[in-house]
Amino acid sequence: MKKKVLFVASECTPFVKTGGLADVIGSLPQALQHYTETDVRVILPLHQTIIANWEEQLEYVTSIDVSIGWRKQEAKLYQFCYKGIHYYFVGNDYYFARQDIYGYYDDGERYIFFCQAVSQLLPQLAFQADILHAHDWQAGLALAFAKISSPQSSMKTVFTIHNIKYQGIIPKDAYDDLFNLAPEHMGGLEWNGLLNCMKSGLFHADKITTVSPTYAAEIMTPYYGEGLYSLLAERQSDVVGIINGIDIDEYNPETDQHLIAPYEAAGTAKQQNKLALQRKLGLPVNREKPLYAIVSRLVEQKGLYLVKEILDEFLQEDVQFVVLGSGDAQFEQFFGQAAERNKEKLAVFIGFDEGLARQVYAASDFFVMPSLFEPCGLAQLIALQYKSAPIVRETGGLKDTVTPFNEHTGLGNGFSFTNYNAHDLLHTLKYALHTYYDTDQWSILMENIQQSTFSWKESADEYAKLYLSFGEALHTKKE
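Residue 0 is where the sequence shown starts when you use numbering that gives the first Met the number 0, and the numbers rise one by one after that.
A portion of the hints provided could be inaccurate.
As the list claims (entries may be wrong) - Below, a list of computed lysine-lysine pairs in the PhoX-like style, where the Cα atoms sit at most 20 Å apart:
(1) Lys429 <-> Lys307
(2) Lys155 <-> Lys1
(3) Lys279 <-> Lys342
(4) Lys429 <-> Lys288
(5) Lys3 <-> Lys456
(6) Lys464 <-> Lys155
(7) Lys3 <-> Lys464
(8) Lys164 <-> Lys16
(9) Lys146 <-> Lys3
(10) Lys206 <-> Lys1
(11) Lys155 <-> Lys3
(12) Lys16 <-> Lys82
(13) Lys464 <-> Lys206
(14) Lys206 <-> Lys146
(15) Lys206 <-> Lys155
(16) Lys3 <-> Lys206
(17) Lys3 <-> Lys82
(18) Lys307 <-> Lys342
(19) Lys288 <-> Lys342
(20) Lys464 <-> Lys1
(21) Lys456 <-> Lys82
(22) Lys1 <-> Lys456
Honestly, the hints are just simulated from the structure, not real lab data. Quick caveat: nothing in here was measured; it's all calculated off a predicted structure.
With the hints as constraints, model all of the structure from the sequences given.
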């Protein structure tokens, strides 16, 4: 018998996206329905960008009043089926008809409303979920409200941590102002004298997942646990790490329309993409020149302090480097100034352009991702799809997906280093360069990368097993 699962999340491709969370919510339901006997639906806030681009395709279902403290706010429910997945959207112009989906002073109140609306709408959906699966802090309170305000004894709950650093912290006095819950329920939300939406999800979930096995272990330690490690350690038996996949049809260099020359394996066609990118970015055109790339948010998490320390020294080598991204002003300024100093070797594009990002993946020989922490990471998986050798720090999902190349055994699909240290990064960049110029070793590495694939199938199977651990045996479809 199929398990019915309702995903609760704040963003989802193709409707609205700020980061990797949207990619997961867009891809995982598709994989679950394709590869396993799981029936998945998704419920999201009706953000302004969804209204702007999809309004004519949305079907109105119903509306309810949601109490937020002494106020009542209307929640309008819409639905739409896209690529075989049924999506619900919770509309309220006051909270969600805004330019951005995060970053407002009342974000806490906005997602309290959303989660309360979800819990109140559960009995009214034609789809009666066996499992309510909430993703990240914006959805964490849905589990609390579902268990406290709209209890259904047969419905189980799962909470997924995509990034424990962002927890949805709200002042404690908001409990009386916004929650409409009895005082005895505060303990499931309170943490260190504040209300914590992620803690609420962890407290009320029957099972907890995160997006890689290594990250699941890391967040139970003080260094990575962002203050919640003791709570997670107490629930260790309920925590499982399941590595993310990527949509290998979407990220496919054989069919990617953004590329000058489609290709299956590293070789002449891939080099044509390098030549095209060099021309486009004003770098000297040379197919033999090793090209390193960063496509990233320019923030501390991505290990950019390490890059700052050694970039000028590394650019003394006969290499080229491309950086694409935006973020903190200090990193944007640093890379801009570094490009001025190294015009023949470094090209920097501040901002984000999906087509250009795909061209960078396709053109690069190496993809640099020395993260301070990385719950899973999608960029290194995309790089592997485009036959660019990842250079990563061994943390979170980077450790789980990139095996360091060993020239003696011929094993490995990339390069890695352990300590968060700039000179360890520099050493690894240079070792990768040495491998590039060793034709035999490079061929072995490229063959290993050719065999690396991280589709959603294996991950979907793991999620299906988790859902069925609440009751029945797994029935996997034939491909």
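Hint check against the structure, violated hint numbers in rising order = none
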